[in-house]
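Same order as they appear, the protein sequences are chains Z and D.
For the first sequence, this note's numbering begins at 1 and goes up steadily by one.
For the second sequence, this note's numbering begins at 1 and goes up steadily by one.
Derived lysine-lysine pairs resembling DSBU-like cross-links, with alpha carbons at most 30 Å apart: (1) Z/Lys-478 with D/Lys-102; (2) Z/Lys-93 with Z/Lys-478; (3) Z/Lys-365 with D/Lys-101.
These aren't lab readings, by the way, just hints derived from the structure by calculation.
Keep in mind the model is a prediction, meaning the values are calculated, not measured.
In case you want the letters, here they are:
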Amino acid sequence: MSASKEKWQEQVAKAKTRDAKFITASGEPVELMGTPEMLKDFDYDRDLSYPGQFPYTRGVHPNMYRGRLWTMRQFAGFGTPEDTNARFKYLLKNGQTGLSVAFDLPTLMGRDADDPFSEGEVGVCGVSVSSLKDMEVLFEGIPIDQVSTSMTINSPAMILLAFYIAIAEKQGVSLDKVRGTIQNDILKEYIAQKEYIFPPKPSMRIIVDMIEYCTNEMPQWNTISISGYHIREAGSTAVQELAFTLADGFAYVEAAIERGLDVDDFAPRLSHFFNSHNDFYEEIAKFRAARRIYAKRMRYKYGAKKERSWLLRFHTQTAGATLTAQQPENNIVRVAYQGLAAVLGGTQSLHTNSMDETLALPSEKAVKIALRTQQILAYETGTPHTIDPWAGSYFMEDLTNKMEAGAEAYFKQIDDLGGVIPAIEKGFFQKEIARAAYQYQNEIERNERTIVGVNDFVDENEKIEIPILEISPEVEAKQRRQLKELRETRDNKAVKACLAELKEAAERDKNLMPVLIKAAKAYATVGEMINTLKDVFGEYVETVDF
Amino acid sequence: MDKKIRVLVAKAGLDGHDRGAKVVASTFRDAGFEVIYTGLRQTTEMIVDAAIQEDVDVIALSILSGAHMTVFPRVLNLMKQNKMDDVLLTGGGIMGESDIKKLMDMGVGKLYGPGSSLTEAVAYIKDWYQNNNH
Chain Z
1 MSASKEKWQE QVAKAKTRDA KFITASGEPV ELMGTPEMLK DFDYDRDLSY PGQFPYTRGV
61 HPNMYRGRLW TMRQFAGFGT PEDTNARFKY LLKNGQTGLS VAFDLPTLMG RDADDPFSEG
121 EVGVCGVSVS SLKDMEVLFE GIPIDQVSTS MTINSPAMIL LAFYIAIAEK QGVSLDKVRG
181 TIQNDILKEY IAQKEYIFPP KPSMRIIVDM IEYCTNEMPQ WNTISISGYH IREAGSTAVQ
241 ELAFTLADGF AYVEAAIERG LDVDDFAPRL SHFFNSHNDF YEEIAKFRAA RRIYAKRMRY
301 KYGAKKERSW LLRFHTQTAG ATLTAQQPEN NIVRVAYQGL AAVLGGTQSL HTNSMDETLA
361 LPSEKAVKIA LRTQQILAYE TGTPHTIDPW AGSYFMEDLT NKMEAGAEAY FKQIDDLGGV
421 IPAIEKGFFQ KEIARAAYQY QNEIERNERT IVGVNDFVDE NEKIEIPILE ISPEVEAKQR
481 RQLKELRETR DNKAVKACLA ELKEAAERDK NLMPVLIKAA KAYATVGEMI NTLKDVFGEY
541 VETVDF
Chain D
1 MDKKIRVLVA KAGLDGHDRG AKVVASTFRD AGFEVIYTGL RQTTEMIVDA AIQEDVDVIA
61 LSILSGAHMT VFPRVLNLMK QNKMDDVLLT GGGIMGESDI KKLMDMGVGK LYGPGSSLTE
121 AVAYIKDWYQ NNNH
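Here chain D stands alone, though its shape is the one from the complex (with noise of 0.2 Å):
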C-alpha cells in the first residue's frame, strides 16, 4: 500500500480567519491525506519545527491578514535552512495575482486565491507527490 501523504496545515501570524484552513484540511483528509493542524497563531519557526517534527510532505499555508509577503519567503528561507528540498510549501488566502507570482518565482508552490477549487488543490498535491519520486 501507498504511503499516505503527510500535509502540515498551518496558520501564520494573528489572523484568526479558520474557515479556509479547517475547510482545506477536511478536504485533504477525505482526499485520504494525512492532515495535522496546526491550529491559530503559529510562528514561522513553529510552523516549521512541526513540519520538522511531523515529517511532513506538504506544507500548506493559510492566510487572509494580508501578510503573506512576509510570512511566506520566512518559511521558505527556513526551509532552506534545514534542508527541507523534499517538502512542498504552498497555500491560499486572499493575496493578488502580482504577489502570487512574486511568491511563486521565490520558490513557493502553486497558491490558491479565493473562489478556488479544492478538487484542483488536491489533484495539484498528488501530482506533484509523483512527480517528486515518494
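Just chain Z, with the same shape it has in the complex (with noise of 0.2 Å):
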C-alpha cells in the first residue's frame, strides 16, 4: 500500500463522522470513495465501450444527446376526453415533444364508465375512456402522423391500440407511420401495481398477439414498456427494479420466440421505463448496467443478431414516491435531481413530475415548471454536450459492477423458483417489496433517513399554498350519460356479431388484434370485451401476504 494511502486511512480512522447512516434510498451501504483497486480487472473494451457499441454501457446513440435530446414526454389526463384534449394541446403549445396518456382506474380494470364498481373513480386519476367515441375526441385536431403517442395501459391495452388504430385510420394515416409506445406489460402488474384482470397465462398470450401483429403492421410502435417504475413505487430497492424488470422483458422475450417469431424482428420495439430515485449515483449507475445486462442477453442468450435488438433504450419519470406533501414547493429541487440522474443515465426521454403529485393531479402551473425543469436540464446546464462522464470513475464503475451482480444473483432465484410466473404465483416478488417498502419507511419513522419538511426541517402549521386540481362529479355524470347516448344510437346487432367473434378467437387462439379492432369500430365498448374475454379466460385473483 502507498505510503499517502496508509497516511489516509489513519486520518479517516481518526477524524470525526457525523452521526448518520451512509446507507443509499435503497439501503445499502456507501463506499466512502472510489479507489483504484475496485477497477483492477476493469477492461473499456468488454465493459463499456464506446456509446451505440455492444455493451452500450455508455449509451445507445453514438452521439447520444447531440444528435437528438431526450424527448420531454409528460403523463397527462384527467376528467373527460375533452379535459385532456385541452391539457395535450397546452403541453404541445409549451414545447412537449410526445403525448403520454394517464387513463382513470375504472379504463385501466375494463370497466365503462356506468359500471357500478366504476363509481366515484370516472375521471380521477386519468381521462376515462370507454369506447372509440370518447378516443375520438381525445385526439380531436391532434395529427398523429406528427406526435409519437404513449400510452399506460395495461390489462386492456390491446382494445386501447385498436382504439388507437381506428384513430389512425380515420385521420388517413398509414399504421407503418404510426409512433408511439404501449405500456402493455401485464408481469409488473401481478407484481406491483396490480392492475391485473385475467390470469398470467392468457394475458401473455394476448401480448404476443400484440407482438406478433405490430410487427407485421405497425413498424414504428413500441409494442412494450417493459417497466420498473411501478415496481420501485411500490417500494423496491434499485436491485430489485433493475433485476424484476429485465427478467420481466426476458420472459417476453422468451414467450415470443416460443410462438416462432424471430427475435430480430420484435426485438427492436422493446423498450423499458425506469424511475429515477433521489439516490443520485445509485440511479446513474442502475441505468448503466442495465443496458449492459441487457445486451449481454439478448445477444449471447437469446441469440439476437441485429445490433437493434441488443439496445436497452428507456423512458424515466421521476420517482412520484419521493415526493412530499409537505411543503409540496420543495418537489421541484428533488424532481430536478432526479432528472439529472436520468439524463446522466442516457435516459430516451422523461416525465419530470409535478410538485402537487402528493395531493392531487398536477395542476397546469405545476405541470409547466416540470416541464420548465427539463428544459433547464437541456439547454442551461450543459449536461447533455457531453456523453456518459462518469465513466472510469471508480465508484460508479465499482456502482455499476455491484448493481450487474446484485441483478444477476436475483434471476438465479427466479430460475431457482421456476421462472417469472412461478414466482408471481409464489408471491417472491410481491414479499420481497414488501419488506423493502417496510424497512424504508422504519428508517424514516426511527429518524435514520431524514425526508426534509417530514421528519426534519419542518414547518409548523404550515398552509399549502399552492392551487389543486379538482376534478368535478359532473365528469362522471357526463360519462356515464355519454354512454348511455351511445348503447342507444350505435348498430348493437353489429356490436353483438363482434363480441361473438371475439370469444371465438379468444377460445380458438386466433390472434384477437383484428377483431378487437373491427369491434372498436363498431363502437364496442371497453368493459363489453374484456367482460367477453373474462368469460373465456377467467380472473386472476392474487394470494396476499403482507
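Put the complex together from the two separate chains, hints included.
Now the structure itself:
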C-alpha cells in the first residue's frame, strides 16, 4: 500500500464522523470513495466500450444528446376526453415533444364509466375512455402522424391499441407511420401495480398477439414498455427494480420466441421504463448496468444478431413516492436532481413529476414548472453536451458492477423458482418488495433517514399555498350520459356480432387484434370487450401476504 | 393480559396501490395489534361484512385513487346501519385537507395523508381504544 494511502486511512480512522447512516435509498452501504483497487479487472472495451457499441454501458447512440435530445414527455390525463385534449394541446404549445396518456382507474381495469364498480373513480386519476367515441374526442385536432403517443395501459392494452389504430385510419394515416408506445407490461401488474384482470397465461398470450400484430403492421410502434417504475414505486430497492424489470422483459422475449417469432423481428421494438429515485449515484449506476445486462443477454442467451435488438432504450419518470405533501414546492428540487440522474444515465425520454402530485393530479402551473425543469436541464446546464461523464470513475464503475451482480443473483433466484410466472404465483416478488418498503418506512420512523419537511426541517402550522386541481363529479355524470346515448344510437346488432367473433377468436387461439379493431370501430365498449374475454379467460385473484 | 386490539386494514374500489396498506398492516402487527388485511378491490359491503365477521375494533381504509369521498361515507353509513357504534373508522391515502375535514365532520376518525407518522397512528388507535372503555 502506498504511503499516502496508509496516511489517509489513519486520518480517516481518527476523523470525526457525523451521526448519520451512510446508506443508499435502497439501504445499501455506500463506499467512502472510489479507489483504483475497485477497477483492477476493468476492461474498457468489454465493460463499457463506446456509446452505440456493444455492450452500450455508455449509451445507445454514438453521439447521444448532440444528435437528439431526450423526448420531453409529460404523462397527462384527467376528467373527460375534452379536458385531456385541452391539456395535450397546452403541453404541445409549450414545447413538449410527445404525448403520454394517463387513463382513469375504470379504464385501466377494463370497466366502463357506467359500471357500478367505477362509481367515484371516473376521470379521477386519469382520463375516462369507454369507447372509440371518447378516443376520437381525446385526439381531436392532433395529427397523429406528427406526434408520438405513449399510452399507459396494461390489462386492456389491446383494446386501447385497437382504438388508436381506428383513429389513425380515420385521420388517413397509414399504420407504418404511427409512432408511439403502449405500456402493455402485465407481469409488473401482478408484481407491483396490481391492475391485472386475467390470469398470467392468457395475459401473456394477448401480449404475444399484440407483438405479432405490430411486428407485421406497425414497424414504428413500441409494442411494450417493460416497466420498473411501478415496481420501485411499490417500494422495491434499486437492484430489485433493475432485476425484476429485466426478468419480466426476458419472459416476454421467451414467450414471443416460443410463438415462433424471430427475436430480431420483434426485439427492436421492445422498450423499457425506469424510475429515477433520490439516490443520485445509485440511479445512474442502475441505468448503466441495465443497458449492459440487457445487451449481453439478448446477444448471447437469446441469439439476437441485429445490433438494434441488443439496445436497451428507456423512458424515465422521476419518483412519485419521494414527493412530499409537506412543503410541496421542495418537490421541484427533488425532481430536478432525479431528472439530472436520468439524463446522466442516458435516458431516451423523461417525465418530470409535478410538485403537487402527492395532493392531486397536477395543475397546469405545476406541470409547466416540471416541463421547464427539463428544458433548463437540456438548454442551460450543459449536461447533454458530453456523453456519460461518469465512465472510468472508480466509484461509479464499482457501483455499476455491484448493480449487475445484484441483478444476476436475483435472476438465479427467479430461475430456481421456475421462472417469472411461478415466482409471481408464489408471491416472491411481492414479498421482497413489501419487505423493502417496510424497511424504508421504518428508517424514516426511526429518523435514520431524513426526509426534508417530513421528519426534519418541519414547518409547524404549514399552510399549503399551491392551487389544487379538482375533478368535478359532473365528469362522471357526463361520461355516463354519453355512454348511455352511445348504447342507444350505435348498431347494436353489429356490436353483438363482433363480441361473438371475439369470443370465438379467444377460444380458438386466433390472434385477437383484427377482431378487436373491428369491434372498436363498431363502438363496442372497453367493458363489453373485457367481459367477453373474462368469460373465456377467467379472472386473476392474488394470494395476499404482508 | 389485555385483549389485543383487532384492526381490519382494507382496500376499497379499483385502487391497486397496496404499498401503504401493507406497510401499515406490518406496523400495526409489530405494535401488537391483531391485523386482518382484506386484499384488493373490496366493495364497501364486503369490508363492513368482514369487520363484523372478524369482530374488529378498528377499520383502517387505504385509498389512493381519489375515491375517498365516495367510499368513506358509504362505509360509515353501513356501520351505522349495523349499529357498529363501538368501531373506529380511520384511514389514509391521497386526500386534501378540506376533504379530510369534511369526512371527520361526518364522523370518520383521524385520517392520515402522505408523510404521516405511523408511530403517531399507532398511538392514536391505542388512545382511542383506552378512551372508549374497551
